[in-house]
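Participant: Starting from the given sequences, assemble the full structure and let the hints guide the process.
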Amino acid sequence: MVGGGQLARMTHEAGIPLGIRFKLLSDTPQDSAAQVVGDVVIGDYRDLDTLRAFARGCDVITFDHEHVPTEHLRALEADGIPVRPGPDALVHAQDKGVMRAKLDAIGVPCPRHRIVSDPADVERFAAELGGGQAPDGFPVILKTVRGGYDGKGVWVVRSSKEAAEPFRAGVPVLAEEKVDFARELAANIVRSPHGQAVAYPVVESIQVDGVCDTVIAPAPDLDEELAGQAQQLALRIAQELGVVGHLAVELFETADGRILVNELAMRPHNSGHWTQDGAITSQFANHVRAVLDLPLGDPRPRAPWTVMANVLGGDYPDMYYAYLHCMARDPQLKIHMYGKDVKPGRKVGHVNTYGDDLADVRERAAHAAGYLRGTITE
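Residue numbering for the sequence shown follows this note's numbering, beginning at 191 and increasing consecutively.
Honestly, I wouldn't trust all of these hints.
Mimicking BS3-like on lysine-lysine, the simulated pairs with C-alpha atoms at most 25 Å apart in a straight line are [claimed, not checked]:
1) Lys-368 - Lys-351
2) Lys-524 - Lys-537
3) Lys-342 - Lys-292
4) Lys-530 - Lys-213
5) Lys-537 - Lys-342
6) Lys-530 - Lys-342
7) Lys-342 - Lys-533
8) Lys-368 - Lys-342
9) Lys-292 - Lys-368
Simulated from the structure, these hints should not be mistaken for laboratory data.
Facilitator: Right under this line is the structure:
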């Protein structure tokens, strides 16, 4: 696996019961997965020679992020190394411009968008939207086509004067309409090389300051037909793009009851962390199965409701005493920490709760995440 973050850490854990020999390419020995994986290579994933040396002897290469240069992945494939997902699929998660063009070509509903060249072009795009939330079409969303995540590389601009910053990165900029959405959803699916695929229940994803805060599985009060449409849409995208492994399709549910595709991620995803304790087969276990072309596991939920809440770094650098409180208060609570140094606002772990009563499950998750962060003290 290329990338040493928490996704690699949890994917490695899912492979242990199967006896999978797991090799990791990590930036530093302190990275989340490098702390627990036995076979670790420290190196730069952007260097082709490093990638080739790492891949030597591997049965298959997969990823915990989308940032490996596409041309390097093509070189690995030319060397005979199976890369899953392959570069032809992964480029759609690497480059938002490529993604939007492909989704348009296959008829997937998306926010209105186009590549813009400078702040004046942003103003023209806003005018093209016609009305929008203001007479001049502003505000609009600007995104750098590569490199953004967790709110980084994304700007909400309310005039052409505010639009200069995204162009300083020196990469193409995608402009999108600011969607009037009721909430954000995510459809997670896993697909194997021979075309078997499974779909998890559609979830609601609640963002705070551009970072995922809470995921509710399944999404409450979601129309059954719309949920089915979201799952079928994700399955169709995976097939059309040739995805192998886990695909997360982040969606807007609009105020008038439609769904629009916001982002794609071709790896285990924050919106699927609830599956560790809430599904028969987790996203991590199914990703391992998919990239090894093993039969996929049952994605159905174990309980009526599961809630995942992210733990952000706060006032507790030592989690031990917080564990005492959280575990005593809720013996069913599942805590997943990533081995990261605690820094304010940094994603250092998550908790999962489950049960029959949604209000109770949400309260338990919010309390545990807040106590581990230090924003709740009793």
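Participant: Hints first: check each against the structure and report whether it holds.
Facilitator: Going through the hints against the structure:
1. Lys-368 - Lys-351: OK: Lys-368 and Lys-351 at ~17 Å, within 25 Å.
2. Lys-524 - Lys-537: Satisfied, since the Cα-Cα distance of roughly 16 Å is no more than 25 Å.
3. Lys-342 - Lys-292: holds, 23 Å
4. Lys-530 - Lys-213: With a Cα-Cα distance of about 20 Å, the restraint between Lys-530 and Lys-213 holds, given a limit of 25 Å.
5. Lys-537 - Lys-342: holds, 14 Å
6. Lys-530 - Lys-342: holds, 20 Å
7. Lys-342 - Lys-533: holds, 18 Å
8. Lys-368 - Lys-342: holds, 17 Å
9. Lys-292 - Lys-368: Answer holds: Lys-292 to Lys-368 is near 20 Å, not above 25 Å.
When held up to the earlier numbered hints, the structure conflicts with none and fits them all.
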